[in-house]
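Those protein sequence lines, which keep their order, are chains A and B. Take the first sequence: its position 202, counting from 1, is numbered 246 in the numbering used here, and each next residue is one higher. Take the second sequence: its position 41, counting from 1, is numbered 616 in the numbering used here, and each next residue is one higher.
Bear in mind the hints are in silico, worked out from the structure with no lab data behind them. Treat the hints loosely; a few may be bogus.
Computed from the model, here is a short list of chain A residues facing chain B with C-beta under 7 Å [said to hold, decoys possible]: (1) D141; (2) G143; (3) F144; (4) A145; (5) G147; (6) T150; (7) L151; (8) V193; (9) H196.
Beta carbons are placed, not taken as given, at the ideal position from N, Cα and C, and that holds for glycine.
The residues making up each chain are set out below.
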Amino acid sequence: MNRLGLAALLLGYAVATPAYQLSGEYWLRPETTFRFDLVDLAGRRQAPSGISWNAGFFEAMRRWNEATVFTFHGRDGEPHDPCRNDGRNGVGFRADDCGFAFGRTTLAITYSQFAWSGTLLETDIVFNGNLDWDIYSGPLRREEEFVRVATHELGHALGLGHEDGGVPTIMTSLVGDLEFPQKDDIAAVSAIYGGSPPPPPAACEDMAEIPLNRVVEGRFEAGDCQRRFLPGPTFDSDDSYLDLYRFRLPMAALVVVEMASESIDPYLELYDLNGETLLAWDDDSGRDRNALLYAYLQPGSYRLVANTAMMYSATGAYRLQVVVNLDGPAAAELLDDWRLQIHTVAVNGAFFTAVLSPYANPLDPDGLYWRLAEIAPGGDPALRGVTFVPGSKMLLFNPVTALGRRYDAVLQRYANPLEPEGWFWKLESAWPRP
Amino acid sequence: MHGMIGFFLLVLVWLPAAQATAVRAVSLQEALRHSELVLQGWVAMRKVIDDEGPRPFTRIVFAVEEVIKGDYAAPTLTLDFAGAPERGLVVSDMDYPEPGERGIYFVESLRRRQANPLYGWSQGHFRIVVRDDRPVVVAADGSPVVVLKPVAAEPGRLSHGVAKGVETRRQGWDRGLSPAAFKAVLRRWLEGEGR
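Kindly produce the complete structure, drawing on both the sequences and the hints.
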């Protein structure tokens with residue numbers, strides 16, 4: 045998935061003016077309490093996912109509480125019929141809508157009782173219990189997703205109207221993809237209740253130091269920083285979790301960063317330490333849609349954003365590694381006859397030794413080319429410095445020894461029209477190590 | 576204690592109320608397929624019923640001009656809608672047919688009393704507006720319908736008022752479909768489904 049494409053898609057939204065609609069009713073103070081003890085019509089307290097409906101409703105309240113000045117309080121274990129008008133807020137699954145049938149298309153209804161002044165006194169949320177509900181993150185499935193509909197309905201409960209101005213908001217038909225209140229929703233709440241939205245989660249300030257050449261185990265989970273909190277004009281509606289890392293490079297070198305996961309689709313960005321200049325990014329260059337980026341960097345400190353390619357709040361574990369061989373034995377060397385001897389290279393998870401022979405390309409006499417001459421399983425996994433990029437098939441050397449010194453080098457895969465079946469690479473860049 | 580105060584306030588003042596909904600986005604073809612009755616008609620009467628349930632609701636009587644789908648021979652059709660703005664019980668997103676309004680209505684069920692009896696709420700509600708002496712079908716967004724397309728709604732999306740497959744143009748009055756053209760498409764789709 046190309047996140048830049050999504051960014052471009054959203055760029056128009058990002059610069060759009062606020063489009064929120066207010067219902068005209070509001071709470072006297074920016075807080076209210078819901079009572080509930082959620083049980084679906086089959087008598088289950090838990091969604092098929094195993095998460096309790098109560099926990100799901102708490103999560104929906106949390107999304108507003110953390111994003112806005114409004115606070116929803118929850119009292120679970122206090123069942124309250126949402127069809128009762130008694131000055132208390134209730135929520136529940138019902139087979140009917142307080143005497144009316146839901147019909148085939150109604151998911152949930154929020155009732156709001158208010159005085160003529162516009163002051164809200166009670167809101168009740170009725171979920172259509174005849175539908176199949178579940179609690180999950182990510183793309184919508186056949187089952188309706190409870191938490192994002194609850195988040196949408198709570199938006200109504202605090203005084204927001206529906207809107208379809210083209211701006212990303214949890215209150216529009218786009219709710220299918222969005223799981224959290226968006227900037228426009230947050231601005232709407234501020235317009236009603238004043239104040240500034242709470243600052244981004246503390247996790248957005250945490251930047252763990254990642255040692256070079258060591259695999260770091262990470263995990264995306266609730267409470268992590270989310271993409272929409274990062275500065276910048278794009279990704280306004282991006283709910284994806286991210287972790288921030290920093291690393292220090294003592295000398296100029298080609299750095300390779302790999303992010304792998306079996307449960308999420310990794311996405312990586314490399315910035316200067318302040319996060320102001322994007323130096324490199326990658327989505328799917330690694331094996332099995334993992335992220336793998338490279339950049340030739342000057343000595344200094346840098347910021348890594350470990351993220352997911354999808355724009356929803358996917359959770360899961362990942363492994364992150366910054367690879368650069370600063371002073372260990374090189375994993376590759378240029379021999380006197382200009383053959384490239386590769387002592388170890390990982391290809392799709394297995395380790396190989398290989399020899400590349402120099403190739404005089406008649407179509408490009410000035411270029412430096414090599415062709416694959418030998419490859420065999422083997423090598424030393426601890427020996428770092430040659431990376432085969434599955435996506436582009438390029439070879440990264442950080443470093444290779446050549447002509448008595450160490451170089452960082454990038455070899456681009458070359459589709460040779462003269463020998464379509466052969467494996468060829470062309471030297472794209474080389475930097476001598478200090 | 577706060578709950579009791581709220582309750583007394585409820586008793587002491589006449590309380591307007593708002594409702595908001597999450598309605599699934601539907602395609603017009605789906606609305607046509609699952610509506611028990613599709614008719615062209617006009618709103619002959621609208622009144623509030625106070626005494627047939629815990630909350631007041633709105634009863635609307637339609638004069639039936641033409642049945643596009645379904646078996647219905649009576650000259651009028653009575654449908655109940657949740658809420659009653661005249662009594663301060665307002666349903667957000669409830670697009671009540673107005674007295675005197677002409678339109679094309681997709682009625683989901685003649686047997687069940689639904690919060691909104693029109694299929695997909697506003698998505699099953701089309702007004703007929705005369706513009707420059709020409710009748711034009713108008714969708715819930717207030718714009719004339721210019722094209723009807725046989726597309727599927729994306730599952731899980733919430734409605735934003737206009738069914739999928741209904742293309743509108745804000746100032747497309749000269750291109751707006753006439754009721755005859757609108758109904759011709761619906762009938763063609765019905766024939767395609769063997770009805």
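Against the structure, the hints:
1. D141: holds, 5 Å
2. G143: holds, 5 Å
3. F144: holds, 4 Å
4. A145: holds, 4 Å
5. G147: Holds. Min distance 4 Å.
6. T150: holds, 6 Å
7. L151: Where the cut-off is 7 Å and the nearest Cβ of chain B is about 4 Å from A:L151, the hint holds.
8. V193: holds, 5 Å
9. H196: Where the cut-off is 7 Å and the nearest Cβ of chain B is about 6 Å from A:H196, the hint holds.
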